[in-house]
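**Q** Given next are the chains, with one letter for each unit.
There are 2 protein chains.
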Amino acid sequence: MQKSYETYVENMKKLADVEFSIAVLSWDKEVNMPPKGAAFRAQQVATLSGIAHDIFTDEKFGDLLKELSEKKDTLDKVAQNNIAQSLKRYNRVNSYSTEFVVRKSEVTSAAYHAWEKAREANDFKVYEDALGKMIDICKEESELLGYADHPYDALLEEYEPGCTSKELDVLFSDVKKQLVDFSKMLSQAPQVDNSFLLTHYDKDKQWNYGLHILKHMGYDFEAGRQDLSVHPFSTSFSPEDSRVTTRIDENNFGSMTWSCIHEGGHALYEQGLPATNYGLPSGKFISLGIHESQSRLWENNVGRGLAFWKNQYPNLQKTFPENLSDADLQTFYKAINKVVPSLIRTEADEITYHFHVLIRYEIEKLLLENKLAVKDIPEAWNSKYKAYLDIDVPDDKQGVLQDIHWALGSFGYFPTYSLGSFYAAQFYQQASKDIPNLEGQIEHGDCSELLKWLRENIHTHGQNFSAQQLCKKITGEPLNFKYFMDYAKAKYSGIYQLG
Amino acid sequence: MQKSYETYVENMKKLADVEFSIAVLSWDKEVNMPPKGAAFRAQQVATLSGIAHDIFTDEKFGDLLKELSEKKDTLDKVAQNNIAQSLKRYNRVNSYSTEFVVRKSEVTSAAYHAWEKAREANDFKVYEDALGKMIDICKEESELLGYADHPYDALLEEYEPGCTSKELDVLFSDVKKQLVDFSKMLSQAPQVDNSFLLTHYDKDKQWNYGLHILKHMGYDFEAGRQDLSVHPFSTSFSPEDSRVTTRIDENNFGSMTWSCIHEGGHALYEQGLPATNYGLPSGKFISLGIHESQSRLWENNVGRGLAFWKNQYPNLQKTFPENLSDADLQTFYKAINKVVPSLIRTEADEITYHFHVLIRYEIEKLLLENKLAVKDIPEAWNSKYKAYLDIDVPDDKQGVLQDIHWALGSFGYFPTYSLGSFYAAQFYQQASKDIPNLEGQIEHGDCSELLKWLRENIHTHGQNFSAQQLCKKITGEPLNFKYFMDYAKAKYSGIYQLG
Numbered sequence: 001m002q003k004s005y006e007t008y009v010e011n012m013k014k015l016a017d018v019e020f021s022i023a024v025l026s027w028d029k030e031v032n033m034p035p036k037g038a039a040f041r042a043q044q045v046a047t048l049s050g051i052a053h054d055i056f057t058d059e060k061f062g063d064l065l066k067e068l069s070e071k072k073d074t075l076d077k078v079a080q081n082n083i084a085q086s087l088k089r090y091n092r093v094n095s096y097s098t099e100f101v102v103r104k105s106e107v108t109s110a111a112y113h114a115w116e117k118a119r120e121a122n123d124f125k126v127y128e129d130a131l132g133k134m135i136d137i138c139k140e141e142s143e144l145l146g147y148a149d150h151p152y153d154a155l156l157e158e159y160e161p162g163c164t165s166k167e168l169d170v171l172f173s174d175v176k177k178q179l180v181d182f183s184k185m186l187s188q189a190p191q192v193d194n195s196f197l198l199t200h201y202d203k204d205k206q207w208n209y210g211l212h213i214l215k216h217m218g219y220d221f222e223a224g225r226q227d228l229s230v231h232p233f234s235t236s237f238s239p240e241d242s243r244v245t246t247r248i249d250e251n252n253f254g255s256m257t258w259s260c261i262h263e264g265g266h267a268l269y270e271q272g273l274p275a276t277n278y279g280l281p282s283g284k285f286i287s288l289g290i291h292e293s294q295s296r297l298w299e300n301n302v303g304r305g306l307a308f309w310k311n312q313y314p315n316l317q318k319t320f321p322e323n324l325s326d327a328d329l330q331t332f333y334k335a336i337n338k339v340v341p342s343l344i345r346t347e348a349d350e351i352t353y354h355f356h357v358l359i360r361y362e363i364e365k366l367l368l369e370n371k372l373a374v375k376d377i378p379e380a381w382n383s384k385y386k387a388y389l390d391i392d393v394p395d396d397k398q399g400v401l402q403d404i405h406w407a408l409g410s411f412g413y414f415p416t417y418s419l420g421s422f423y424a425a426q427f428y429q430q431a432s433k434d435i436p437n438l439e440g441q442i443e444h445g446d447c448s449e450l451l452k453w454l455r456e457n458i459h460t461h462g463q464n465f466s467a468q469q470l471c472k473k474i475t476g477e478p479l480n481f482k483y484f485m486d487y488a489k490a491k492y493s494g495i496y497q498l499g
Numbered sequence: 001m002q003k004s005y006e007t008y009v010e011n012m013k014k015l016a017d018v019e020f021s022i023a024v025l026s027w028d029k030e031v032n033m034p035p036k037g038a039a040f041r042a043q044q045v046a047t048l049s050g051i052a053h054d055i056f057t058d059e060k061f062g063d064l065l066k067e068l069s070e071k072k073d074t075l076d077k078v079a080q081n082n083i084a085q086s087l088k089r090y091n092r093v094n095s096y097s098t099e100f101v102v103r104k105s106e107v108t109s110a111a112y113h114a115w116e117k118a119r120e121a122n123d124f125k126v127y128e129d130a131l132g133k134m135i136d137i138c139k140e141e142s143e144l145l146g147y148a149d150h151p152y153d154a155l156l157e158e159y160e161p162g163c164t165s166k167e168l169d170v171l172f173s174d175v176k177k178q179l180v181d182f183s184k185m186l187s188q189a190p191q192v193d194n195s196f197l198l199t200h201y202d203k204d205k206q207w208n209y210g211l212h213i214l215k216h217m218g219y220d221f222e223a224g225r226q227d228l229s230v231h232p233f234s235t236s237f238s239p240e241d242s243r244v245t246t247r248i249d250e251n252n253f254g255s256m257t258w259s260c261i262h263e264g265g266h267a268l269y270e271q272g273l274p275a276t277n278y279g280l281p282s283g284k285f286i287s288l289g290i291h292e293s294q295s296r297l298w299e300n301n302v303g304r305g306l307a308f309w310k311n312q313y314p315n316l317q318k319t320f321p322e323n324l325s326d327a328d329l330q331t332f333y334k335a336i337n338k339v340v341p342s343l344i345r346t347e348a349d350e351i352t353y354h355f356h357v358l359i360r361y362e363i364e365k366l367l368l369e370n371k372l373a374v375k376d377i378p379e380a381w382n383s384k385y386k387a388y389l390d391i392d393v394p395d396d397k398q399g400v401l402q403d404i405h406w407a408l409g410s411f412g413y414f415p416t417y418s419l420g421s422f423y424a425a426q427f428y429q430q431a432s433k434d435i436p437n438l439e440g441q442i443e444h445g446d447c448s449e450l451l452k453w454l455r456e457n458i459h460t461h462g463q464n465f466s467a468q469q470l471c472k473k474i475t476g477e478p479l480n481f482k483y484f485m486d487y488a489k490a491k492y493s494g495i496y497q498l499g
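Chains as they are written, first to last, in the numbering used here: chain A, 1 to 499; chain B, 1 to 499.
Note that these hints are calculated values from the structure, not bench results. As the structure is a computational prediction, the values presented were derived from the model and not from experiment. Just so you know, even glycine gets a beta-carbon here, dropped at the ideal spot from N, CA and C. Mixed in with the good hints, there may be bad ones.
Residues from chain B shown here face chain A by an in silico Cβ test under 7 angstroms; the list is partial [claimed, not checked]:
#  : residue
1  : Lys14
2  : Asp17
3  : Phe20
4  : Ser21
5  : Val24
6  : Pro34
7  : Gly37
8  : Phe40
9  : Gln44
10 : Leu48
11 : Glu222
12 : Gly224
13 : Arg225
14 : Ser238
15 : Asp241
Cβ-to-Cβ under 8 angstroms is the rule here; a few derived chain A residues that face chain B [stated by the list, open to error]:
#  : residue
16 : Asn32
17 : Pro35
18 : Lys36
19 : Gly37
20 : Phe221
21 : Arg225
Construct the entire structure; sequences and hints are all you get.
**A** So this is what it looks like as structure tokens:
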């Protein structure tokens, strides 16, 4: 049995080698590749993806997984879970016929191009047919994969294993009940001024400040690097080489700063995964929601917190005296936490952000339940923006056409962004209990105890626990929106001087 | 038959996708990778190499090649040659048993580490045993691969297909007969002064000047890029993405400049290969010697030529006035062509360089003929340096331990460097005949006709012709040392004012 398990490990490592190679090619594409290289690079990535698929779906490998699963009692707990996770994945991947995979890839290609054209024309109608076909094939996919309660769950499983629409319904009904009213209170209070964040900040100085902040967080530059790209992202080729990218807007200090901290949070998770379990579930991140919890904890709970800037702000003022010498710490702290309803999800503050996700989640569910026609999506979108954000959507480009996700068939993806924030709040609250004087440490420029806590409680476990199990193990209860709400109330009541 | 040929093409493209992916990972390793990433990167490259090997050595693929080879009359000429080249390669690769491959990889690993240690200790004896084993296994390899005349030919075939030691013997006997005496004449003439090339040249200005020169040569930055690395190299991921690297020594203007032109020459060859034949022999470079002919033609025949600097020098003087305002064009031209016997091959001038290769070639042959014991290599090395270069080798590090090639088992590699220069001279001489007023064009800053000539006569043909065939096709005769000697005499008689 031990020998079979070793064969399994070898195969998973080989698969990881190919998948991480794809990640290198993709990183290079965004960071370095000269424009003419695109076509052959796409072909090279497609070939490696096909090879990875062949390695994982090999029938002999499936037989091995089944054999190991049947005799799992001879394996230790971590190995048992690895086999269980891999077999689950194997069965999922093998649910797809080649015919289906080819067809979905064609539908996706068509939808992506239609979405691009629709954005250019600023007209949803250009996209309508192709999106309709994409929704149809995603419905087909959910039937093919199977589900207990709701077709949404079959798709959600890809991004947030074990999570269900039932669980999301509870969370988002809390969002509606509590966050909508709270957000209205904020918008009725006197608004804070963040205009000095939108002045000219020197590019090179921003770049160096970003590197400084990553080091400050504990990001290991011996096992990673930062580069520039059009859209910031993090990627990993192993725990020993986990990279981040950022972008710099010379007229917006926040653009670089929080994307840098956000991607740094993702990368700290990857750098913290156990290298000895490379390629195995026990060496991989749990879910998109948990991954996002790591980026958002650093971005918002730490990086938009008062303690962090009590330490960092004097240095920042010295770096950008023209921009910041007139703004004291409190003014800066308020400015970086300005809450205001807006049209574009990726530019939203940490409060109204969740309405953007809520709207997408509600529309996705309605579509899968056949309760909303494709042609009616823009209307549904716009009326929900009015209802939840009290904002008029002027056109499709700033409305329903803003995200790429549906064009790629990624239904079920959006909720993981909110899950990230909610997990982050609950984890940070627990860290504050577990670590004596956490805020005091951060105020003194020491993030190491927090990183150690994240390493020990989250990173090091890989997929040994599901998101739900991990949350309970760490905080003693399942994911609860209460923690995010408590955090939001405490923070923003101060900033907006609510009664 | 057409369908079988298409299957062959698909398989070759798939193989190329994997091989070019390895090239991306290797480029990233030299240019970007953080230090801790090395171990997993090595594993990832090894896995992809294994996959590439499996694709190419698949028995079904071999059967397909044999089938296509037997019925080749139904294919066009290019396709026939593709099949012939691939089948030759298939048979060569399949000559190795897995046992042999594993054993050679172990011997190589041991030899490499022993070489590193020996360099550290500056003592050949530390390396002697491991090198002995490497020589033994290379002898075994040549028997396993088979040869008509000399075991050397079996190994040479890997780097310079179709070339034999008989051909090399003729060339190097010419080198000995003509170049040794000529070089002595140069060393007896009054020496030129190049001290102003070894003053401080600003790093950023050098970098920009390198980019300028690449553009001037016709290197397409839409299909490539330049980066820094410890050792300059060129690499290719497709004709649409062929990259170069350089290094900058702030106290040596030549280090960046000629490595930049040299690697640019390699990359121009890769950018000129026909993209439509991606992955096929008809889309690949012919041999290391022909590849090197492209780098050396640009580096020496163009980049160390008077015409090139007649055009470039005024601009260069303006860029580095502190270094160059006192040196006129003739002084600069002489300085960049200083000939002086030296210990280190990679730092040698274009004349004495070939003695370094000659010495290695003679020693390699003696070893394969069992006429030289491993323990006697340093003595043979040192006495040959005295004989050909009239120079005393002070220690092993500056002598027999300077190159990595033998530690990697690359016997037969060195001659391709000299072949490159000799082909370059013969090609350039022909180009000067074919292109009206070539030197005048270069003097006026126009390299485009030369590049066009190289594209049409060399690059575009891939492996449709062997090196020997191509040389005859272009110049009307086989490779002939005479052209290099004519070039050297004409150029250096002027520089050194020989009677």
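**Q** So, for every hint listed, does it hold in this structure?
**A** Checked hints:
Taking 7 angstroms as the C-beta contact cut-off toward chain A, the hint placing lysine 14 of chain B at the interface holds, the least distance being around 5 angstroms. The criterion of a C-beta within 7 angstroms of any C-beta in chain A is met by aspartate 17 of chain B, whose closest approach is roughly 4 angstroms, and the hint holds. At about 6 angstroms, the closest approach between the beta carbon of phenylalanine 20 of chain B and any beta carbon in chain A falls short of 7 angstroms, and the interface hint on this residue holds. Against a cut-off of 7 angstroms between C-beta atoms, the interface hint on serine 21 of chain B holds, since the closest Cβ of chain A lies about 5 angstroms away.
Interface restraint check: valine 24 of chain B against chain A, minimum CB-CB distance 5 angstroms, threshold 7 angstroms, status holds. Evaluation of the proline 34 of chain B hint against chain A yields a held restraint, the C-beta minimum of about 6 angstroms falling below 7 angstroms. For glycine 37 of chain B, the interface hint holds, the least distance from its beta-carbon to any beta-carbon of chain A being 3 angstroms, beneath 7 angstroms. Taking 7 angstroms as the C-beta contact cut-off toward chain A, the hint placing phenylalanine 40 of chain B at the interface holds, the least distance being around 4 angstroms.
Taking 7 angstroms as the C-beta contact cut-off toward chain A, the hint placing glutamine 44 of chain B at the interface holds, the least distance being around 4 angstroms. At its closest, the beta carbon of leucine 48 of chain B sits 6 angstroms from a beta carbon of chain A; the interface hint therefore holds under the 7 angstroms criterion. Given hint, glutamate 222 of chain B at the interface with chain A, holds; its Cβ is 5 angstroms from that chain's nearest Cβ, closer than 7 angstroms. Among the interface hints, the one on glycine 224 of chain B holds; its C-beta lies about 6 angstroms from the nearest C-beta in chain A, closer than the 7 angstroms criterion.
Interface restraint check for arginine 225 of chain B: the shortest CB-CB distance to chain A comes to about 6 angstroms, inside 7 angstroms, so the restraint holds. With a least beta-carbon distance of about 4 angstroms to chain A, the hint placing serine 238 of chain B at the interface is held under the 7 angstroms criterion. At its closest, the beta carbon of aspartate 241 of chain B sits 3 angstroms from a beta carbon of chain A; the interface hint therefore holds under the 7 angstroms criterion. For asparagine 32 of chain A, the interface hint holds, the least distance from its beta-carbon to any beta-carbon of chain B being 6 angstroms, beneath 8 angstroms.
Interface hint status for proline 35 of chain A: upheld, as the beta-carbon distance to the closest one in chain B is roughly 5 angstroms, under 8 angstroms. The beta carbon of lysine 36 of chain A is positioned within 8 angstroms of a beta carbon in chain B (closest approach about 4 angstroms), and the interface hint is therefore held. For glycine 37 of chain A, the interface hint holds, the least distance from its beta-carbon to any beta-carbon of chain B being 3 angstroms, beneath 8 angstroms. Nearest Cβ of chain B to the Cβ of phenylalanine 221 of chain A: about 6 angstroms, under the 8 angstroms cut. The hint holds.
At a threshold of 8 angstroms, the smallest CB-CB gap from arginine 225 of chain A to chain B is about 6 angstroms, leaving the interface hint in force.
The structure agrees with every numbered hint stated previously.
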